[in-house]
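Chemist: Turn these sequences into a full structure, and let the hints guide you.
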Amino acid sequence: MPPASPAVEIDGLVMTYGDKVAVDGLSLEVARASITAVLGPNGAGKTTTLETCEGYRVPQRGTVRVLGLDPQRDRGRLLPRIGVMLQSGGAWSGVRAVEMLEHMASLHAHPLEVAMLVDRLGLAECGRTPYRRLSGGQKQRLGLAIALVGRPELVFVDEPTAGMDPQARRTTWAMLEEVRADGVTVVLTTHHMEEAEHLADCIHIIDRGTLIASGTPAELTRGGRSATIRLVVNRPFPDGAPESLRAELGPGTEVRQLDEVSMLIHGPADATTLGRVSRWCEEHAVLPQTLTLGQRTLEDVFLELTGRELAP
Amino acid sequence: MSTPPADTAAVGGSPTGTFTPAPGRAGLGRMVRAQARMEARLLLRNGEQLLLAIVIPVIVLVGGVAAAGRLGSTFEGHAPVDLLTPGVLALAVMSTSFTSVAIATGFERRYGVIKLLGSSPLPRHGLLLGKVLALLGVVALQLVVLAVVALTVGWQPSTADPPSTVAGLLLAVGLGTSAFASLGLLVAGALRAEATLALANLVYLLLLAGGGVVLPTGTYGAAGGLIQWLPSGALGEAMRAALVHADIDGRSLLVLAAWTVVGSTLTARTFRWE
Numbered sequence: 019m020p021p022a023s024p025a026v027e028i029d030g031l032v033m034t035y036g037d038k039v040a041v042d043g044l045s046l047e048v049a050r051a052s053i054t055a056v057l058g059p060n061g062a063g064k065t066t067t068l069e070t071c072e073g074y075r076v077p078q079r080g081t082v083r084v085l086g087l088d089p090q091r092d093r094g095r096l097l098p099r100i101g102v103m104l105q106s107g108g109a110w111s112g113v114r115a116v117e118m119l120e121h122m123a124s125l126h127a128h129p130l131e132v133a134m135l136v137d138r139l140g141l142a143e144c145g146r147t148p149y150r151r152l153s154g155g156q157k158q159r160l161g162l163a164i165a166l167v168g169r170p171e172l173v174f175v176d177e178p179t180a181g182m183d184p185q186a187r188r189t190t191w192a193m194l195e196e197v198r199a200d201g202v203t204v205v206l207t208t209h210h211m212e213e214a215e216h217l218a219d220c221i222h223i224i225d226r227g228t229l230i231a232s233g234t235p236a237e238l239t240r241g242g243r244s245a246t247i248r249l250v251v252n253r254p255f256p257d258g259a260p261e262s263l264r265a266e267l268g269p270g271t272e273v274r275q276l277d278e279v280s281m282l283i284h285g286p287a288d289a290t291t292l293g294r295v296s297r298w299c300e301e302h303a304v305l306p307q308t309l310t311l312g313q314r315t316l317e318d319v320f321l322e323l324t325g326r327e328l329a330p
Numbered sequence: 032m033s034t035p036p037a038d039t040a041a042v043g044g045s046p047t048g049t050f051t052p053a054p055g056r057a058g059l060g061r062m063v064r065a066q067a068r069m070e071a072r073l074l075l076r077n078g079e080q081l082l083l084a085i086v087i088p089v090i091v092l093v094g095g096v097a098a099a100g101r102l103g104s105t106f107e108g109h110a111p112v113d114l115l116t117p118g119v120l121a122l123a124v125m126s127t128s129f130t131s132v133a134i135a136t137g138f139e140r141r142y143g144v145i146k147l148l149g150s151s152p153l154p155r156h157g158l159l160l161g162k163v164l165a166l167l168g169v170v171a172l173q174l175v176v177l178a179v180v181a182l183t184v185g186w187q188p189s190t191a192d193p194p195s196t197v198a199g200l201l202l203a204v205g206l207g208t209s210a211f212a213s214l215g216l217l218v219a220g221a222l223r224a225e226a227t228l229a230l231a232n233l234v235y236l237l238l239l240a241g242g243g244v245v246l247p248t249g250t251y252g253a254a255g256g257l258i259q260w261l262p263s264g265a266l267g268e269a270m271r272a273a274l275v276h277a278d279i280d281g282r283s284l285l286v287l288a289a290w291t292v293v294g295s296t297l298t299a300r301t302f303r304w305e
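Just so you know, the protein sequences line up as chains A and B, in that order. Under the numbering used here, read the first sequence as residues 19 to 330, first letter to last. Under the numbering used here, read the second sequence as residues 32 to 305, first letter to last.
Everything labelled a hint here was simulated from the structure, so no lab data went into it. Among the hints, erroneous ones may be present.
Example chain A residues on the side facing chain B (calculated, C-beta under 10 Å, incomplete) [said to hold, decoys possible]:
| no. | residue |
| --- | --- |
| 1 | Ser106 |
| 2 | Met122 |
| 3 | Pro256 |
Simulated DEER-style distance windows between Cβ atoms [claimed, not checked]:
| no. | chain 1 | residue 1 | chain 2 | residue 2 | range |
| --- | --- | --- | --- | --- | --- |
| 4 | A | Arg240 | B | Arg61 | 46 to 56 Å |
| 5 | B | Glu79 | A | Val39 | 42 to 52 Å |
| 6 | A | Gln90 | B | Arg61 | 22 to 32 Å |
| 7 | B | Thr51 | A | Ser106 | 28 to 38 Å |
| 8 | B | Leu297 | A | Lys38 | 28 to 38 Å |
| 9 | A | Thr308 | B | Thr51 | 25 to 35 Å |
| 10 | B | Ala299 | A | Lys38 | 51 to 61 Å |
| 11 | A | Asp88 | B | Leu159 | 17 to 27 Å |
| 12 | B | Leu297 | A | Ser111 | 23 to 33 Å |
| 13 | B | Thr51 | A | Asp137 | 14 to 24 Å |
| 14 | B | Ala254 | A | Gly80 | 38 to 48 Å |
For clarity, every value in this text was computed on a predicted model and none was experimentally measured. We put the beta carbon where it would ideally sit given N, CA and C, even for glycine.
Modeler: Put into structure tokens, the structure is as follows:
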């Protein structure tokens, strides 16, 4: 197999559960030794896509290749080469954290040193704690250690930092960056924008089972002739507020109402725009409580593409 | 492993190269042993399962012997302890092979353990082999502990024909374990974990009371004719044949073999790993 082939190739993947379409003709590639984030809201099809790559689910249509192998047909050859961190669970309730990690290490030919992983991921303090009594963040760290312990070429990590405190999140990010530097491919799902922006070489944004944008964080957030203005007011907007505000601001602006007291405005980043927003608020007897002007973020990209916010 | 220069230390403090891929599965033997050790440890660590495995059989044995002693009765010319011990050993086999296996496997499915192992290098048959080894290890441990308790309260197994006793005992334990384990997996693989827990305990209690395990099926009157076809009755009879009469009970062993075939065939068809 040529080393230049992508780590993951998904072509036209379709997955349905009953009459619900979870993945709808998804195609994407993951480069080797990179961190790729699959970003999308809950229910976008991220986990289903990952589980198809991991061999848990049979593609209903389309093809999936992981390290050049078919996760179904070549399962036995593929599994030792990948590491998997499940979104939740995966351990016996009575197993101690380090015991679980040692067990998973013993299934591999050249595992990492368990003590090193325990130390690096801060698991020493809970090493003898039964799994059921670990905190959410500790479970996540143990899950990451389990994914890495077999020295895989490729790791799939599903929501790696969900439930972690900021410090543990930074430790995890640093470790994933080091893993990449050592030549391991990392595929992670997240609905955490900051995580994708901070870590990923490439981001695939999925919504409702389809790929809606791909690129580096810089590519995705570039192209902002505009900035984003976030407006939060003290009482609910009157009916028809977005339309009337758009009319006030003139062409080249987009207005989206997020909830009854907040709106997101994409438009020229200038004082005129801000002035018009203030004036509109005055005319409609609402008081701005937040009026911020920001650079285009992944959040904005997602909002522009889907018309929805990427809720945590 | 080579030592990279210190100035290439990466974020997080360990030198680069730590995570350099070196994938590969361990040998099947090593994986199976690891899995068996793990499952056996977890079985023995679990308080409820220890209760089933050791405490209840000991209570049945010691309590039964004491009660029979007060009543001054013997059964079919045998001391109560001699008749009760094979039944209690059968009960121990049943509790671990059926109830403990069902509950443990049901919760392994619920907690995603089987799912995680499904993405590890351990193949499905390795997982199954590990389970079997763990089960046999725990059963052996139970039998030793219970035999020691029985000997201290005066148990005298038949010495008429030791080769038959040993062969009959090994066959009964082996086939009894496989029959009950296949039925336990059938329950665990089809029902939700909570339903498995309830059903496995209920069946255990029903068979303990009326399944011909502890007491000879002959003591159940007319129902005994039916009970001897149950895996519990067959296991109890086969154990008593070996340890009381130094005999190999071919019919009971065949009944256990048939239950094994039925249980494993149905399990293979219905078991859902997740």
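Chemist: Compare the structure with each hint and give your call.
Modeler: Each hint tested on the structure:
1. The interface hint given for A/Ser106 is met, as the beta carbon of that residue sits about 7 Å from the closest beta carbon of chain B, less than 10 Å.
2. Because the beta carbon of A/Met122 sits about 6 Å from the nearest beta carbon in chain B, less than 10 Å, this interface hint is met.
3. Look at A/Pro256: its Cβ only gets to about 50 Å from chain B, farther than 10 Å, so that hint breaks.
4. The hinted window of 46 to 56 Å between A/Arg240 and B/Arg61 holds, with their beta carbons roughly 52 Å apart.
5. Remark: the range hint 42 to 52 Å for B/Glu79 to A/Val39 is upheld by a beta-carbon distance near 43 Å.
6. Between A/Gln90 and B/Arg61 the beta carbon distance is about 26 Å. The supplied range of 22 to 32 Å therefore holds.
7. Separated by about 29 Å at the C-beta atoms, B/Thr51 and A/Ser106 satisfy the suggested range of 28 to 38 Å.
8. Taking the beta carbon of each, B/Leu297 and A/Lys38 are about 31 Å apart, inside 28 to 38 Å as hinted.
9. Restraint check, A/Thr308 to B/Thr51: a C-beta distance of roughly 48 Å breaks the suggested window 25 to 35 Å.
10. Look at B/Ala299 against A/Lys38: about 30 Å separates their beta carbons, and that is not inside 51 to 61 Å.
11. The hinted window of 17 to 27 Å between A/Asp88 and B/Leu159 holds, with their beta carbons roughly 24 Å apart.
12. Distance hint check: the CB atoms of B/Leu297 and A/Ser111 are about 28 Å apart, consistent with the given range 23 to 33 Å.
13. Against the hinted window of 14 to 24 Å, the Cβ-Cβ separation of B/Thr51 and A/Asp137 comes to about 19 Å, which satisfies the hint.
14. The hint said 38 to 48 Å for the Cβ distance between B/Ala254 and A/Gly80, and at roughly 59 Å that hint is violated.
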